[in-house]
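Chemist: Sequence:
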Amino acid sequence: MADKDGMKLAKDYGIDIKPPKQTFHVKGMDHVDWGMKNRLSKIFNPKTGRTLMLAFDHGYIMGSTAGLERLDLSIPPLMEDADCLMATRGALRSCIMPDHNKAIALRCSAGSSVLKDDMSHEVIGVHIDDAIRMNATCLAIQSFIGASGECESINNIVKAVDVGNRYGIPVLGVVAVGKEMERTPKYFLLATRMLAEFGASIVKTYYCDDFEKITAACPVPIVIAGGKKVSEKKALEITYRAIQQGAAGVDMGRNVFQAENPKAMIKAVRSVVHEGFSVEKAFKLYEDLKRQI
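Letter by letter, the sequence shown follows residues 924 to 1216 of this note's numbering.
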């Protein structure tokens, strides 16, 4: 049994040391099966090794969120510039035409609404049979490390990893941050590493200080959550810093669909993720596109 009081503080993250060269473009996935690699290649662009995910699964706990009142109107214009759509099966089936060719991060965990103080007691809400019928590219499962529902959410993760491995479908482990959880590098180092060790192929978390340590210590790709709405320039700054410090992409929702011009914003974010634009160059692109679109 681990003795947390006797543990030495981790400090050598080898930030300046490149990881061993691998043949596949997704971090830590050299040894997975063909089908798994094929799905990961739909999420992560093989040319850049990065992804721009568009999250619009907010309604599963928040109801009709600002900017998502009409999914059938707000999301289709943005899909062209996203690599992957993160959504619930209900939203996809009812509001998104199935003729697109985007990767699908299917929200497969389900739980309490925002009316509850403790939202950490989630369950697996989508059976693998339906995930396959939905042609899911990955299974998105939320975790609540440090909350009262921690063990339940870990159980959800490992069960999803087991069934995902059976069918060659990767799991996206989502680090939730509730009211009682820290938002510190120490917390994110713990939570992201745990999800990777449980077998998640991708980990979604929040950007924080010392983020290069988070990405260095996690053996699979980290995608940052967009989080609450901030100014367009601030969102681009967070994207840029995260990519520079080792993130393999972003999963943005509110900072895209609640932007003054969502279509211009997703194009600007894409320029940072896939084209290496600086913050100033990307923000200028946003301002220019805002006047044209």
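Some hints here could point you the wrong way.
Unchecked claim - Straight-line Cα separation of at most 25 Å, BS3-like style, residue types lysine-lysine; simulated pairs:
no., residue 1, residue 2
1, LYS965, LYS944
2, LYS1109, LYS1136
3, LYS1039, LYS965
What the hints assert, rightly or not - Derived DEER-like restraints, expressed as beta-carbon distance ranges:
no., residue 1, residue 2, range
4, LYS934, ARG1164, 20 to 28 Å
5, ASP953, HIS1023, 23 to 31 Å
6, LYS1204, ASP1052, 39 to 47 Å
7, ILE938, LYS1156, 35 to 43 Å
8, GLU1003, GLY1150, 17 to 25 Å
9, ASP1133, CYS1074, 40 to 48 Å
10, SER987, GLU1210, 25 to 33 Å
11, GLU1210, GLN1167, 19 to 27 Å
12, LEU996, LYS1151, 21 to 29 Å
13, LYS1039, ASP1133, 28 to 36 Å
Keep in mind the hints are simulated off the structure, nothing from the lab. Think of the CB as a built atom: it goes at the ideal place given N, C-alpha and C, for glycine as much as any other residue.
Chemist: Output the indices of the hints that this structure fails to meet, ascending.
Modeler: 3, 7 and 9
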